[in-house]
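Protein sequence lines, in the order shown, are assigned to chains A and B.
My numbering puts the first residue of the first sequence at 13, with every later residue one more than the last.
My numbering puts the first residue of the second sequence at 47, with every later residue one more than the last.
Just so you know, the hints here were simulated from the structure itself, not pulled from any lab data.
Check before you lean on any hint, since a few could be wrong.
Under the rule of at most 25 Å between Cα atoms (straight-line distance), these lysine to any residue pairs were calculated in the SDA-like manner [to be verified]:
(1) A:K310 with B:L375
(2) B:K465 with B:R319
(3) B:K284 with A:D365
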Amino acid sequence: MKALPIPARLYIATVVIVAIVVLALAIPRVTDWGAIAVLTLVVVLSEYLTLSLGRSVSGVEVSISVTSPMVIGAVFLLGPWGAAMVAAGSWLYVDRGTPVFKFLFNGAQTVLSGWLAGVLFLALGGSAPLDASSFPGSLVPVAAVLVGYELINGAFVVAYISLADRVAPARVWRGMLAGSATAYFAYNIFGLLLAVVWTAGVGPFAVVLLMVPLAVARWVFALFARQREAYDATIRSFIQAVETKDAYTRGHSERVAKASLMIGRAMKVRDDRLETLRFAGMLHDVGKLGVPTRVLQKAGKLTDEEFAAIQLHPIRGREITRELEFLGEAIVAIYHHHERIDGRGYPLGLSGDDIPEFARIIAVADAFDSMTTTRSYRGARSIDEAVEELIRWKGTQFDPAMVDAMIEALAEAPWVPVDTAGQFAGPHSDLPNYASDDDDPTAAEVLASHRPSTEAIRSERAGSDTHSTDRGGDRP
Amino acid sequence: MSDERGEVIGGPHGGSALIVTAAVGAVVSAVLVSDEGVSQGKLALFFVVCIAAGEVLRIRMPGGRDTAPIATAIALAYAMLPSIGGVALTYAVPLVVTVTAAGSLFGVLLRLAGRRPVPIDDLARRIIIVGCVAGVFRPFLEADGLGRQTTLAIALLMTAVALLGLALDSLMAALVRAGADRAPYGQAIVDEFRAMSGIDAAIGATAVLTALAMPSMGWIAVPIFAVPLVLTQYSFRKFTHIQDTYLQTIRALSRVTEVGGYTEAGHARRVSRLAVSVGIEMGLSERDVRELEYAALMHDIGQLSLEEPIPGGSTLMTSSVSAREIAGLGSSVIKQTGVLDHVAEVVQRQADPYYPGHGQYDDSIPIESRIIRACNDYDDLVGGSVESDRILHAVERLHMGITSEYDPRVVDTLTRIVKRRSGIL
């Protein structure tokens, strides 16, 4: 990891020092040490729980800590000073994997968030410990704490990230809101519940009871995350099974998924649809599993029948995926990803807006990745060359809007080309291998004028449409 | 395994026995309540509404278990609620059962209006366990045995009673399930507790919290303490969904070999259906059955690496060496996922004969592999056919292989299942 910029270091130092000052001021001001001890113990335990779950599930956000609900509970029970003391409990659990400065900062910002939320609570007329019978009246300060704590906490983190990574704060905020802000907020309600039961006379046992649904929720959420990861891994390795049939396309599907996401984001596609787009990108060539290995690996010129076999892969892809309800519009995208905007593509020869949006996106992503990786008969082209090609076939092969979106996305986040040359021991030949070339715009142009396979495709289409007429969107 | 009592509770009619019990209990309770009158009528009505709301928020848990945790938690809280606003609550079992039944039925009507499925036996179990919990707990209140106790002691008592009630629920569910799937009772009970212990802990804690906090907090406690459980439900819902999606995807991918012309249409799916039935009857755990299903769906995936499809796609007809090769190739594809190691092992060893020679059997072959081997060969012989001649012929051939290739217990179970399915006795 690179060294932190100076402003970020100053920021961390300030936050930590202020937090320590607040704690020093808190010590003479708190009275209920028993309550602080219990809540702190829970914070330590929850920190332990969070991290041990978080590590086993890499890449997926499962580390919703129970610390914030406990600190919020402390705000309602003990006020700002007690909340600061309880929050300091997060310093009692040391995770060896966390860098020291991060560890210090995390604890300090929790202390300050708890303290500030407590100050806010008292300023709005709340009283600690919370009186359960005062309920409808105390709603405003209570709600202010629930929302305010998260905002204050978020502000500390946003400032840190934007100073450390030199990103505009607004962008960090958006990323965080898009993430799990609502989940955090929902968990914070536990803090309120905790205070309510505690003051109702149930005492510390309330904490135990309250932790149960929360712990179960988190446990199941971790199972979910693990299962989702397993799911991704499974799809990925099946895709690899497709790709081992054609060594030149290794990693192709994953890169197409990535490029499709870039275009989708630039086109302002909604988040839940982006997930579908990612699957469509991953699975766009799954139908190649249905193409004989002999044809895919053939070096040299293909016969008309072999062309036809390859051109069936979008149809095969739809056959394989059509029962996956969750894939939704990804299925039509897989089916149509070799259509051309001028209507000379396959399998249906749709043109313009008749081609589903995701299919138009994948067409561009597919061509782009094909051009920027090594193929049997040529080296990889540079990104600039690939972009030039995309522009060249704008309006004939590609939807101009998608090409523009790709270019826009490339300006925002640079594409790192992968060198697939030499990674494989596949057949090497100086002759064009049209199988992998089907994705290459130049070859696609040749193919479109060649059209050797209309007969075969038409008969296959008739066959497959008889039992899937309801798939929708294929034909107006 | 199938003694008389087991048949009555857990047989095919186990579910209806529960439903009848619950219905009779509810009607008798309603009659008693209408005789005696309702104490704290508004409170009772409030609980009816809350239970109904919880019923609407029903979820499906992994393993296809349908449950409404919020409704059960609220009903249990009502069964144990000692007082409210300083007034001791003296209602007894009949009112608790009536309120639970009324709330559940009201919720069912709402679900039916939304055209969503209603598993009646789940409601029946709820009514029964809530009645039992009230029957155990409320006498303590009447005798005022709790007046001198500390809050902590009361909380512990409530927790124990609620958990016992929920354990009873799982026990009844397991017996019904075992009857329906013809699974051994012991395994069904273990599976049920394994699947439900998490959500049951959350339900129990919520019920106890609500019953403890309501005396001082009032009615607001019910919706407030339902919030954590909503979160728990949400997690389970996501988990169930991803698990369903996973199975769906593997089913779809299993068709890849069919689409490519390597295997006969529907083969993988028929093999997996049969293998799952055999696995359940042989007493495999739920988790093992799930992996068995994955393995059965993907057992032919290795054929994809062949340059040309085997004519007809049948692995029974190929020599055992190439069948092993295909199994190995498939296994390596599955192993690449990094998360299905056992499935890969099962697929790898499906081609190994159970008796490699001289009456020695090979117990290192996973039971799942033995099941898949027999089911695959059976399907290669029968296909989608339902003709009894073909089925009997296939069964006969499997029996001939008992001394060389197949595990006799697997063949016996398989025979029982296919005969039952096709109506051959």
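Hint-by-hint comparison with the structure:
1. A:K310 with B:L375: Distance of about 21 Å is within 25 Å: holds.
2. B:K465 with B:R319: holds, 15 Å
3. B:K284 with A:D365: violated, 35 Å
This entry does not satisfy hint 3, going by the numbered hints stated previously; all others are met.
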